[in-house]
Each structure stands twice: as C-alpha cells, then as structure tokens.
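**Student:** Now for the letters of each chain:
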Amino acid sequence: MTTLPPFQTLLDEYAPDVMGVLRGAVGRNDADDCFQETFLAALRAYPKLKDDGNLRGWLLTIAHRKAIDHHRANGRQPIPVAEVADVGVTDPEPGDGIWAVVGALPPKQRAAVALRSGSDLPHAEIAAALGCSPEAARRSLHEGLKRLRKELA
Amino acid sequence: MKASLERLADRANDEGLLDVAYTISDSPFGPLLLAATPKGLVKVSLPGHDPEEALEDLAARVSPRLLEAPARLEETRRELDLYFEGKLTEFELPLDWQLSKDFRRRALRAIDRIPYGRTRSYTEIARSAGNERAVRAAGTACGSNPIPIVVPCHRVLRTSGGLGGYGGGLPMKEALLELEGIR
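Here the protein sequences line up with chains A and B, keeping their order.
Start counting the first sequence at 32; every next residue gets the next number (the numbering used here).
Start counting the second sequence at 167; every next residue gets the next number (the numbering used here).
Any given hint could turn out to be false.
[To be verified] List time: in silico DSS-like cross-link candidates among lysine-lysine, alpha-carbon distance up to 30 Å: (1) A:79 to B:205; (2) B:205 to B:253; (3) B:168 to A:79; (4) B:205 to A:81.
Since the hints were derived computationally from the structure, they do not count as laboratory data.
On a predicted model such as this, the values are computed, not experimentally measured, just so you know.
Work the whole structure out from these sequences, hints included.
**Tutor:** Rendered as structure tokens:
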C-alpha cells in the first residue's frame with residue numbers, strides 16, 4: 032500500500048518552481064515543452080517512487096535532465112531535405128534581457144544559475160540536480176553569477 | 167501556467183498516465199468532488215466531507231496518478247446538473263465499482279437497480295445482495311457507498327418508512343427524495 036500523495040499536490044506545490052527553472056534553462060518559448068516532458072516523466076515513474084522525502088528535488092532533477100535533452104536535440108545535425116523552405120527558421124530564443132546572457136553561459140553555470148534564480152535552491156539541491164558535489168555547484172553558481180555581473184555591467 | 171496544466175492533463179490522459187481524474191463541481195447542496203478512472207465514475211464525495219481526505223484515499227486505494235482534469239468529468243457534471251433540475255431520471259454514466267467489494271458491492275449494485283422515484287428497505291437490499299439477514303451490513307453498504315446520488319442509496323429507507331441515514335446528512339436525503347416526487 033502506497034502512501035504517496037495525490038500527484039496533483041505536486042503540481043500545486045512545485046509547478047511554478049519547475050517552470051521557473053526551465054525558463055531559465057531553455058528560455059521562455061521552449062519552457063512549456065520541457066515542462067510537459069518533465070511532468071509526464073514524473074507521472075510515469077511516480078507510482079514506483081521509493082523515497083518521497085524530497086519530491087521537489089526529484090522534480091527539479093527531472094527538469095534539469097529534460098533541459099539537457101532539449102539542448103542536445105537542438106544541437107543535432109540538420110536533416111537534409113529535397114527543397115529548402117524559403118522561410119527562414121528563427122531562433123526560438125527571445126534573446127532579450129538577462130536570459131539571453133544566461134543562455135550564453137556554459138551549460139553547468141547556466142543550469143546552476145537557473146536552479147538558483149528560478150527556485151532559490153540551496154547548493155546541496157543544485158548539486159543533486161546537476162549530479163555534482165555541493166562544492167562544484169557552488170563554484171558553477173559563483174562563476175555563472177560573476178560572468179553575468181560582468182556582462183550586464 | 168493554467169494552459170500548461172490543462173495541456174498536461176490532456177497529454178497524461180492520451181498517454182494512459184491519468185489513472186484518476188477529478189474535479190470539484192457545484193450542486194444545489196454544495197460542492198461535490200467527482201472522480202473518474204478510465205473505466206468510469208469511481209467516487210462522488212458529498213458536501214461536508216473533506217475533499218483533501220477523499221483525494222488522499224483515492225491516491226492510496228486506486229492510484230497516486232491523480233490529477234485535476236475537469237474535461238474528463240464533463241459528462242458526469244452534465245448528467246448531475248440535469249438530475250438536480252429534475253430532467254434526468256436515469257444516469258447513463260459508466261461506473262467503476264472497484265472501491266466496494268463482495269457483499270457491499272452486491273448490495274450497491276442492487277441499489278443501483280432501484281428505479282427513479284421508488285424506494286426499497288434495507289431488508290430488501292440485503293435480500294437482493296444474497297443474505298436477507300444481513301440488514302445491518304446492507305446499512306453499512308449504503309453508508310460506504312463511494313458513488314452516492316448516481317448509485318441512489320438515498321432511495322433506501324427503513325422497513326418502518328423511517329429515513330435511516332445519509333452521508334450528506336438527512337436534509338439532503340429528504341431533498342433528493344422530494345426531488346424524485348417521493349414524500
């Protein structure tokens with residue numbers, strides 16, 4: 032017999048955090064797709080989840096992986112087509128303000144900054160989401176923020 | 167955010183990941199919690215019962231993959247609205263009986279066959295469920311009815327004609343009987 036709370040309570044409590052992190056990590060335009068993928072993956076795994084002690088950290092870890100998947104998919108080789116459409120493919124990034132600068136950070140720094148600013152995670156949880164030590168998370172965050180300050184100064 | 171959440175409920179449903187959909191629906195008696203599985207309506211929680219508790223119970227007994235998804239319950243709402251207006255005498259909703267077992271389920275199925283505007287006694291229900299002497303158990307089955315209103319346990323009365331009990335309170339039982347032209 033499971034004691035997991037109704038999945039809806041996870042949405043009620045953590046959906047804004049997850050969306051915030053994803054907006055930072057992949058940009059406003061693609062955040063919703065990653066949001067869907069994150070919660071569908073969570074829903075798929077949920078009934079078998081053994082440890083429900085840190086559901087927020089669990090969700091943010093999935094969100095982080097989906098953001099990485101998203102970046103990988105965008106970096107794939109272009110597919111050859113017979114005819115090239117005469118409409119240019121525009122970059123989905125809105126490219127305005129601070130997130131454009133965040134988007135230009137190296138991946139680890141970018142993720143650390145997104146996790147911190149999107150949901151105010153402590154270093155230990157950023158580390159868990161990134162799969163690195165808290166010390167490395169602190170360093171990525173520090174470097175990322177330093178670079179941001181420099182770029183935006 | 168609202169659009170994202172609606173899209174999620176739709177996609178979860180399409181991918182077979184929505185085990186229990188629920189919504190809170192208005193009624194003349196107060197808010198009703200309605201919950202359905204892919205098989206059918208599984209739970210109606212009457213006003214005066216804590217919906218949080220009902221949801222936790224569903225998560226434990228049916229599945230924790232439980233989401234607020236009003237679109238999945240539109241037909242249920244429609245039929246209930248018509249019923250409360252006196253314009254519907256027989257629900258056509260598919261039902262999921264999984265929350266009741268054995269004698270209780272047989273008793274509830276017997277209750278489900280009581281026609282609109284008619285009543286039965288607890289003794290008659292006990293007999294239909296296969297044990298005429300289990301009158302008290304028939305009463306318990308009514309009390310534990312997971313799908314009240316739609317499975318019309320309000321149509322079960324004491325042999326003496328007394329009201330018996332009701333999960334939504336006796337005034338609600340009386341009002342439902344009145345709506346159906348009884349009493």
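**Student:** Which of the listed hints are broken here?
**Tutor:** No hint contradicted; all consistent.
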